[in-house]
Structures are given as structure tokens and as C-alpha cells.
Amino acid sequence: MPVAPERVITSPAPAPAAGPDRPGGARRMASLLSLRESPVVAALVVALLGASLFVDMFASGRNISFLLLSIAAIALMALPMTLIVVTGEIDLSVASTLALTSATLGVLWESGVPIETALWICLAVGAGLGALNGVLVTVMGLPSLAVTIGTMALYRGLAYVLLGDRAVASYPQSWVSGSRDPFLGIEGLPWIAVAVLVLAVLFAVLLHATPIGRSLFDIGNNDEAAHFTGTPVRWTKFWLFTLSGTVAAGAGVFWTLQYGTSRADTAFGLELQVVAAVLLGGVSIFGGVGSVLGVMCGVLLLGVIRNALQLFGLSSEVLQIVTGLILIASVVTPNLVARVRAARAPAPASVSAPVPDSTDRPHNGEQS
Amino acid sequence: MSTPTTAPSPSATGAPPAPARRAARRRPQIRELGVLLAVVVLIAATWLHNPGFLSHQGVRDLFLGATVLAVLAIGQALVLITKNVDLSVGSVMGLSAFGTGILFVTFPGLPVPVVMFAGVLIGLLCGLANGLLVTTVQVPALVVTLGTLYAYRGLNHWWAGGGQVNAHDMPESFLALGRIPVLGVPLPAAIAVLVVVVVGLYLAHFRSGRELYAIGSNADAARLSGIPAGRRVITAFAVNGALAGLAGVLFAARYGTVDSTVGTGMELQVVAAAVVGGVAIAGGVGTVYGAALGAVLLTTITAALPIWQIDQFWQQAVVGALILAAIGLDRLLALRTARKLRGGGARGA
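Protein chains in written order, with numbering that gives the first Met the number 0: chain G, 0 to 367; chain X, 0 to 348.
Just so you know, the hints here were simulated from the structure itself, not pulled from any lab data.
Since we're looking at a predicted model, the values are computed, not measured.
Treat the hints loosely; a few may be bogus.
[Said to hold, decoys possible] Cut-off 25 Å, straight-line C-alpha distance, at most; resulting in silico cross-link-like pairs (SDA-like, lysine to any residue):
1. X:339 <-> G:113
2. X:339 <-> G:138
3. X:339 <-> X:32
4. X:339 <-> G:139
5. X:339 <-> G:137
6. X:339 <-> X:327
7. X:339 <-> X:168
8. X:339 <-> X:328
9. X:339 <-> X:283
10. X:339 <-> X:324
11. X:339 <-> X:49
12. X:339 <-> X:222
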């Protein structure tokens, strides 16, 4: 694990004036709304206001419902991804897991397995796929970026092996519309959005208010130190990957029922959108920093922009440029802010490790 | 082809004792020999199964198929060695391919070499932007290039506006590039071989090339020992971009039809090829020979599957399993080398 994570971004070490103080209960508050995610929260507020004011149909119940449905799968996968990236790892196989689960559901349903049973089998399959990632990362000690690039191809390939270029689309209509039904009859609030919200709260509590969450940050900051202070680093990572697979499987089931089809090329490339949303939400790719709130805002921000631009009549091409620029801006801004602050703060004479100038940093928290 | 690897190190960094150095050096060689062996066995077995596989046409298809991926993988290897990654190569290649095509449409009189150069230049500029972002603002490459992956692709979509450039828009002499044989191999493949040799020699024998390994192994240590890490990383990204541009030009010459979706999803295949060829994602390890061999292996598998009458749908699963096997093998070899190094030290003491 390349050490010295977050040297530049959150802790302008010599200048404790403005930075969030690490120790104590204030830390929890700081991690809830730190420098890193306040831009995304602000951007989301601006985007929401702008869209409701200037885009005609945006604030209608129908459209909000459509918007929430379109981001539900990404939001689901982003939750465990947040925890994984906080520990300094990454899971690029989530979209392929989604597709393989969807294909499994299709094959099971075709062969006459009752759908309730098939759903549980799918979740178990997802857990197994995630566990395989976890074993490869923790037992064999392989870098998760490489492992999940491999399983991304493997799981997607297995989805093709199961379904080929066929589609299974004979799902019962009641199930297909189920996830889209409004919650308690409230228009604009699909049932799945409530489910995602509940899960998000659970993940937020897990990450920000439990010893387990605390240990995830410790692992991300320095997993060797975490290991020596008694954190079961490997077990934790293993369960995180298993959790990620299970949730991706849940997203796969939802996706299948939402669109009423299983296809092997489902959600192709979605893993990068999930990672983009997580990073946009202020989670550091080096681990140790991040919040569920920020990530959910990131997911929502991308969804709102996409939706508003579409309603505005702009093409999805523009959206791609905007997505890319937002992502870059979201990582550049905190750096610039930190630099400006560091430049303004009177530098103490005893600065031990000056910020390396104009040089690169390792691209992520992979370990050898 | 796989011999030079990392051997003649001018040992810019403190050299470990001789036996240890030899053991450490041997690893990449084993690694590339393994991939080479896999390619040879696969080709031989497929040929025995169906001699049509190595027909004149078959070989040419194989060469051309591997060329684009190999050129991309060589550039990616440069970046990976510095412990960075470039996810935007698919988009850069698409941008350059479309740029090449559109130049022929807008300026029909332009000489072919000028257009090709322009295509490479587009890639170079994209790579330069990546490198500058990564180094000057100290943003992790994974994030930057994930951003530019979308930005460049969006730019291409916006530019192309759903249109496409067809073969009849391009001059015959350009399209013929894919067919002209040089010493028996198609010109694009010859270009790829030239690129791999030049970059390989550079990495193995030039001080600035060796420094890329030092940066990837320990960027802080490299910086402290006076290596201009930022500049080297920018160069790696720029060269990678230029090679992605070259791949785009070759793509346009080979297929003749270019739209804004060229190269979509290619980035992970490229990283996969490099990883299969023994370039470690953790930086500091690997050669471009390995990366190119990895690309050849992936392409050969794709070409061989139908001949073994294995469903095409198995292809991606095989590629995935191969990546996992490659990084697993790498890990085992690394552990063995580490044990050997420890053992050697004990004997010496």
C-alpha cells in the first residue's frame, strides 16, 4: 500500500487551523461534511434548483420517478463500493456481477424455477461472485484493481455463456411493474427509491457510527497499522467484497424486473459510472476518506444533470463531456483549495515533510 | 524477442548483491517466456487442428487484429510501469480514428502522411493533457483518466454528431496501408514491431527509460534521488497518447469505416493485455515485449475459438480467467523470488 495517503488533500498537516481535527467526536461531524464533499452537495443543490427553475418538466412527479428509477442500480452498487474504496480497494466487477445475476435469473425463470426461489438463488450467486473477488484479494494478496478487471471480464463472459445473444423477457407482469410502483401511493417516489434510501441509511450508520466503520477508515489510512492494532484487515475486506457482490446481485434482480428482460450485455460499462459517482462524492481513491452522504449526492448529481440535459433537449454526447469534466473538477477543486490554504497559512519552520512539488502520486491504493 | 527485458540495468539505484540481482532479474523473463509459450502452443495446436488457421489470409488477419491492441498495450505498459494507469486510451483512439477520417473528408487533397501525423498528434495532445492533469494537480491517474475517458468520448460524439466516415471517403493509398506487405508481414504489423523494439530498447537501455521503473517502484525515493518524476510521467502519458493516436490511424486504415464509437470499452482490454503480459498494475515491473505478447495472446484466443468450435460467447470468460491466472502466476513468482532473495542473503552471510 503506497503510504502517505491524503497528504495533500485533507490534512494540510502543518496548518491545523482550518482542517477537520482528527481526534474526538468532532471527527464524526467532520467526516459527515468535510471539505471533500461540500462541493458535491453544493453542486447538487445548484443543479436541483437550476433544473426545477429552468427545465419545464423536471419537477413533475412523473419525471422525478423516472429519474430515481434510472439511478437506483447505480446508487445500490455505489453503497458497498464506497466502503471498499474507503479501505483503499476497488471493485470493477459490479456491473458484470449485475449482468451475470440477471442472466442467472433469466435461465432459472425459463427452466421453471419459481421466481421467489430464483431471487434468493441470484443473491447467493452474487455473494459467491463477490466472495471470489474477496478470496483473490485477501488470501492470494492480489491487487483488487487487477483482480476485478479479470473478474469483470470473467463474469461478463459467463453471462454470455449462459444467455448468448438471446434475451429472456417472459417475466410476469406483476413482478416487472412491482419495483416501479409508487411507495404508499406517493407519486414520484418509486418503491425501489425508498429501498435504496433505507439501505443508504444503514450503510451510513455502518460507516460513520460503528466500530466497523471506524476500522474501515483505519484500514484505508494504513492497513498495516490497522492490522497491528488488531483490526481483522483481511476478513473485513473479504466481507466487503462479498457484500458488494450481494448488493450488485440485488441490483441485477431489480434491473431485470424493472426492464423485464435479461440480456448478457446489460449494464455494460456501468462500473465506471459507479466509480465516477463514488469519486465525485468525495471518496479518496487512496482510501481513508469518504462518506455515504457525499456518494449519494454524487449519484444524484450525475442523475439530475443527465435528466435535466435530456429534458433540455441536449444530447447524451454533451452529457458525457459534462460527466467527465465534473469528475475531473471534483478532484481538482479540493486540491486547489488545499493548496491555496497551505499558501496562505504561515508555514511553521519545522515542516518535516514538504508537499512534493509538481510530481505524480500513485494512482490508487493498490498493494503488491 | 523476449530476452532483453530488464537485464542490462545501469543500476541507477543502489544495486543489490549479484546473485540476488540475477534472481530478481530472471522473473520477468520467465513471465514473458510463459506468455510466448502460450501463444506458440495455442497457434500450433490450432494449426494442427485446422491447417486453415495459418493460411495466408489467416495469418494476415491475425497480424492485423493484434496490431491495434498491441500498439495500445505498449503505451499502456509505459504508463503502468510508472504506477499510473490510463483508462482514456479507447476514447483517445476513437478521437484520432475519427479525426483521421474527417481530415480526408474535409481536405481531400491532403497527403496521406500528413493526415496520419495529424492523427498521432491528436493522441499526443490528449495524452499530454492527461499527464499534465495527473502531475501538476496531483490527481490520481485512475480518476483523471476516468474523467477524460468520458470527456474525450463525448467530444468525439459531439464532433461526429452521429455521422461516420466511409471507405470511399478515404484515399485508396491510405486504405492500402493495411495490405502492403513488408518482409512478408502487413505494414501495420511491421509498424507495431518497430514500435515495440524502439520502446523496448528505450526502456531497457536509456537512463530516462530506467527511471520510469524507479518512479513506479517508489516515486518518493526516485524524486529524492534527483529523478524529474513529474516530467517523466508526463512523457509516459504523452507517448501513450501518441501511440493511441497511431492505433486510431491504423484502425481507420484497416477498417475504412469510422464512427464515434470506435474504441468504446477498449481501455480495459488494453490494461488486460498488459497485465497478462506481466506488467504489474502496482508499478515498476514489466516490459513492452510482454505487453505486446499479451495483446497477441488475447487476439489469438479470439481468432482460435471458432476453429476449436467453441462458442464465441466463451471468449470473454476465457480472457477473464486468463487475466486472473496471469496475475496469480505473477504473485507466485514474486513470492518465490522473494524467498530466493532471502535465501541468497543467508548464504552470503
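Holds or violated: residue 339 (chain X) to residue 222 (chain X), with C-alpha atoms at most 25 Å apart: Between residue 339 (chain X) and residue 222 (chain X) the Cα gap is close to 29 Å, so the pair fails against 25 Å, i.e. violated.
25 Å Cα cutoff - pair residue 339 (chain X), residue 139 (chain G): Between residue 339 (chain X) and residue 139 (chain G) the Cα gap is close to 19 Å, so the pair holds against 25 Å.
Satisfaction of hint between residue 32 (chain X) and residue 339 (chain X), Cα-Cα up to 25 Å: Within the cut-off at roughly 20 Å; holds.
Hint consistency between residue 339 (chain X) and residue 168 (chain X) [alpha-carbon to alpha-carbon, up to 25 Å]: 60 Å, violated
Given hint residue 283 (chain X) paired with residue 339 (chain X) - CA-CA distance at most 25 Å: 20 Å, holds
Holds or violated: residue 339 (chain X) to residue 138 (chain G), with C-alpha atoms at most 25 Å apart: Roughly 22 Å between the alpha carbons, so the hint for residue 339 (chain X) and residue 138 (chain G) holds.
Pair hint residue 339 (chain X) and residue 327 (chain X), alpha-carbon separation not exceeding 25 Å: Judged against 25 Å, a Cα distance of about 18 Å means the pair holds.
25 Å Cα cutoff - pair residue 339 (chain X), residue 49 (chain X): With a Cα-Cα distance of about 43 Å, the restraint between residue 339 (chain X) and residue 49 (chain X) is violated, given a limit of 25 Å.
Pair hint residue 339 (chain X) and residue 324 (chain X), alpha-carbon separation not exceeding 25 Å: OK: residue 339 (chain X) and residue 324 (chain X) at ~22 Å, within 25 Å.
Distance restraint between residue 339 (chain X) and residue 113 (chain G), which requires alpha-carbon spacing of 25 Å or less: Cα-Cα ~56 Å, so violated.
25 Å limit on alpha-carbon distance, applied to hinted pair residue 339 (chain X) and residue 137 (chain G): With Cα atoms ~23 Å apart, residue 339 (chain X) and residue 137 (chain G) stay inside 25 Å; holds.
25 Å limit on alpha-carbon distance, applied to hinted pair residue 339 (chain X) and residue 328 (chain X): Within the cut-off at roughly 16 Å; holds.
Taken one by one, the earlier hints fail for this structure at numbers 1, 7, 11 and 12, listed in ascending order.
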